[in-house]
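For this one, chain D is given, so just place chain P on it according to the hints.
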Amino acid sequence: MRAVGPALAIARATGQRLTPARPWGFVKKLLRVRLAAVGLGIVLLFAAMAALGDLVAPYDPLKTNLREVLRPPTLAHPLGTDVVGRDTLSRIILGSRIALEVGLISVGVALVLGVPLGLVAGYYRGLVDDILMRAIDAMYSFPTLILALGILAALGPGIQNVMIALGVVFTPSFARIVRSLTLSIRETDYAMAARALGVPTRRILYRHILPNALAPIIVQGSLAMAFAILAEAGLSFLGVGVEPPTPSWGAMLNQAYGYLARSPYASLFPGMAITLLVLGLNFLGDALRDVLDPRLGRALGLR
Amino acid sequence: MQRYILRRLLQLVPVLLLVTVATFALILLLPGDPAQAYLGETTVSETELEQVRHELGLDRAIPVQYGLWLWRILQGDFGRSIYSNEPVLSTIARRLPVTLQLGVAAYAIAVAIGLTAGVVSAVRRNSMADVGATVFSMLGVAIPNYWLGILLIFAFTLALRWLPASGFVSVFEDPMGALRHMALPAFALGTSAAAVNMRQTRSAVLEVLAQDYVVTARAKGLRERRVIWVHVLKNALLPVVTVMGLQISHLISGTVIVETMFAIPGMGRLTVFSIFQRDFLVVQGVVLMVALSVVLTNLVTDLLYAVLDPRIKYT
Numbered sequence: 017m018r019a020v021g022p023a024l025a026i027a028r029a030t031g032q033r034l035t036p037a038r039p040w041g042f043v044k045k046l047l048r049v050r051l052a053a054v055g056l057g058i059v060l061l062f063a064a065m066a067a068l069g070d071l072v073a074p075y076d077p078l079k080t081n082l083r084e085v086l087r088p089p090t091l092a093h094p095l096g097t098d099v100v101g102r103d104t105l106s107r108i109i110l111g112s113r114i115a116l117e118v119g120l121i122s123v124g125v126a127l128v129l130g131v132p133l134g135l136v137a138g139y140y141r142g143l144v145d146d147i148l149m150r151a152i153d154a155m156y157s158f159p160t161l162i163l164a165l166g167i168l169a170a171l172g173p174g175i176q177n178v179m180i181a182l183g184v185v186f187t188p189s190f191a192r193i194v195r196s197l198t199l200s201i202r203e204t205d206y207a208m209a210a211r212a213l214g215v216p217t218r219r220i221l222y223r224h225i226l227p228n229a230l231a232p233i234i235v236q237g238s239l240a241m242a243f244a245i246l247a248e249a250g251l252s253f254l255g256v257g258v259e260p261p262t263p264s265w266g267a268m269l270n271q272a273y274g275y276l277a278r279s280p281y282a283s284l285f286p287g288m289a290i291t292l293l294v295l296g297l298n299f300l301g302d303a304l305r306d307v308l309d310p311r312l313g314r315a316l317g318l319r
Numbered sequence: 011m012q013r014y015i016l017r018r019l020l021q022l023v024p025v026l027l028l029v030t031v032a033t034f035a036l037i038l039l040l041p042g043d044p045a046q047a048y049l050g051e052t053t054v055s056e057t058e059l060e061q062v063r064h065e066l067g068l069d070r071a072i073p074v075q076y077g078l079w080l081w082r083i084l085q086g087d088f089g090r091s092i093y094s095n096e097p098v099l100s101t102i103a104r105r106l107p108v109t110l111q112l113g114v115a116a117y118a119i120a121v122a123i124g125l126t127a128g129v130v131s132a133v134r135r136n137s138m139a140d141v142g143a144t145v146f147s148m149l150g151v152a153i154p155n156y157w158l159g160i161l162l163i164f165a166f167t168l169a170l171r172w173l174p175a176s177g178f179v180s181v182f183e184d185p186m187g188a189l190r191h192m193a194l195p196a197f198a199l200g201t202s203a204a205a206v207n208m209r210q211t212r213s214a215v216l217e218v219l220a221q222d223y224v225v226t227a228r229a230k231g232l233r234e235r236r237v238i239w240v241h242v243l244k245n246a247l248l249p250v251v252t253v254m255g256l257q258i259s260h261l262i263s264g265t266v267i268v269e270t271m272f273a274i275p276g277m278g279r280l281t282v283f284s285i286f287q288r289d290f291l292v293v294q295g296v297v298l299m300v301a302l303s304v305v306l307t308n309l310v311t312d313l314l315y316a317v318l319d320p321r322i323k324y325t
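Line order of the protein sequences matches chains D and P.
Counting in this note's numbering, the final residue of the first sequence is number 319, and the numbers go up one at a time with none missing.
Counting in this note's numbering, the final residue of the second sequence is number 325, and the numbers go up one at a time with none missing.
This is chain D alone, in the form it adopts within the complex:
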């Protein structure tokens, strides 16, 4: 390896540049800024597809046509057809509705359950905090998909139960973040002033503490949504999620997978849709984090 002189070593360590910027560094910077826009673009595209749905879908996503089974992409069917001849493009368009619905509602459930838990644990500290946090630790012990499957086993399959199960699964991550933020916000001057003035605790929590904890919650929300979409498609892929014939991307993959040798296209495009939307949400989440709260970066895990 090449030896490095002390001046260069110090310059490197302190982030100064003695050499001109390398071209790939510029590419990376460009990537970061552009990625935020790309992420937003992808998410908006899928949101538009979900909103317009039937209006833009070229075919009825439920209409079968046994004479046109497992077709490769053609002019009539730009993304091909599935096992029973339904138009893949139309099903992907309508599938974005299911994906975003599950993402939004399960994250909503997790917010409703997790935010109050985190506020209370962080504000009251002491015994309440200990008990709640041990409960959160216990919930973290269940791998996400295993817990979701356990809940679905008890509640039965179906899209509503998937939303509930995923909402419960994501609750601990929101509770943890809100708790740690509450712990520090409650010590700020304005929170202490509110307490000294005798403002009711409820009001302190929701008017003074929560608004100041919003940024990290939003970041975690967008990342959790990406994960919820992956999980819903995974559960539907296993056959315990959204029930047929509702067009869910995971269920589409489940159906097409058995016919991989006859038509790879039927498996290709739904997977692409999942990856693209998750990628978009991740980009958006990363960009939001950079903008809203740069310190947060390392605190968030995958969940």
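One thing to keep in mind: the hints can contain errors.
Stated by the list, open to error - Taking CB as the label site, the calculated pair distances span:
#	chain 1	residue 1	chain 2	residue 2	range
1	D	146	P	13	15 to 23 Å
2	P	72	D	117	33 to 41 Å
3	D	288	P	283	25 to 33 Å
4	P	65	D	277	50 to 58 Å
5	D	288	P	303	32 to 40 Å
6	P	320	D	205	36 to 44 Å
7	D	100	P	84	44 to 52 Å
To be verified - If you want the footprint, here are the derived chain P segments under chain D, 3+ residues with CB under 8 Å:
#	region
8	125–139
9	150–156
10	265–276
11	290–304
Please keep in mind that the hints were generated in silico from the structure rather than gathered at the bench.
Positions of the beta carbon are idealized from the N, C-alpha and C atoms, including for glycine.
Positioned in the frame of chain D, the structure of chain P alone reads:
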């Protein structure tokens, strides 16, 4: 140090108890008669059912029921599978080595790729390799393992005909066959973990590279290779260890899907199969065993961290 270990063990007790409470609650949510569920497919008369209900304490208050249930679990009695009429514990025990083999293979991939790519992209920051690794880490966490599995099967089984797409061979019976059978599922399972490892390693190495002792090491003329491998890596790996511990849980989630799609007879496939068979005691058994093993690996990770990092005083 001993006090720290002791405290961590004590903290474990309430967590373990809450884990059992949550698992027990799953059964309470179930539709149908738990006494019948416990008996499996054996058909019995109403009076006999009443008898079983009494023996299991199902006619008692719910906290008492929980106590009785916990007592049975502690003795290894998880009930019987409705499907096979075999005790749940041995049903699970038979699948455990299969899942372990898959998990270890996936974990090895995640660590090998993740650490190498992470170190290279940090050391050669802003190079083409760094851009490549960054793109890999972005795609790695976004591609669903089931789709990656489908793509791998299409490429390596259907198109190239190199590797089998299903089945299981134990590494102890036929190591080469095991390698061939494990390659695709292990990649499908390990890629997202590799991506996370890569990101963590990269940022950890970058952070350490800026430390004074690295500057000193370089300033005194140490070879770059020695600086990276001895001074940087040893310290950068500490935070990565924590993340790698957390990944066990993530990998277990993945086995459910990967085992199902590659027809690997492990615990994950058992879980899905049991849900379809409405074999709830097996589901409950798996959920509990998995949660317990996650709690234990988390403990081991924490303790490992304490051992590896002498700077932090644990009291």
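- Message: Using a Cβ cutoff of 8 Å, are there at least 3 residues of the region 150–156 of chain P near chain D, or does the coverage claim fail?
- Response: This one holds; 6 residues, not fewer than the three required, reach chain D with a Cβ under 8 Å.
- Range hint 15 to 23 Å (beta carbons of residue 146 of chain D and residue 13 of chain P) holds or violated: 19 Å, holds
- Task: Verify the coverage statement for the region 290–304 of chain P against chain D, using a C-beta to C-beta distance below 8 Å and requiring 3 or more qualifying residues.
- Result: holds (count 9)
- State whether the coverage of the region 125–139 of chain P by chain D holds or is violated, taking the criterion as 3 or more residues with Cβ-Cβ distances under 8 Å. holds (count 4)
- Query: Using the C-beta atoms of residue 320 of chain P and residue 205 of chain D, is the stated range 36 to 44 Å upheld?
  - Reply: Distance hint for residue 320 of chain P, residue 205 of chain D holds at roughly 39 Å.
- Query: Between residue 288 of chain D and residue 303 of chain P, is the Cβ distance one that fits in 32 to 40 Å?
  - Reply: 35 Å, holds
- Message: Quick check: does the Cβ-Cβ distance between residue 72 of chain P and residue 117 of chain D fall within 33 to 41 Å?
- Response: 35 Å, holds
- Task: With 44 to 52 Å as the target window, see if residue 100 of chain D and residue 84 of chain P comply at their CB atoms.
- Result: Given a distance of about 51 Å, which is inside 44 to 52 Å, the answer is holds.
- Using the Cβ atoms, figure out if residue 288 of chain D sits within 25 to 33 Å of residue 283 of chain P. 29 Å, holds
- If you look at each residue in the region 265–276 of chain P, do at least three have a Cβ nearer than 8 Å to any Cβ of chain D? n = 4 at 8 Å, threshold three: holds.
- Task: Just tell me: holds or violated, for the beta carbon distance of residue 65 of chain P and residue 277 of chain D against 50 to 58 Å?
- Result: Hint holds: Cβ distance 53 Å, inside 50 to 58 Å.
Consistency with the previously given hints is maintained throughout, with no hint failing.
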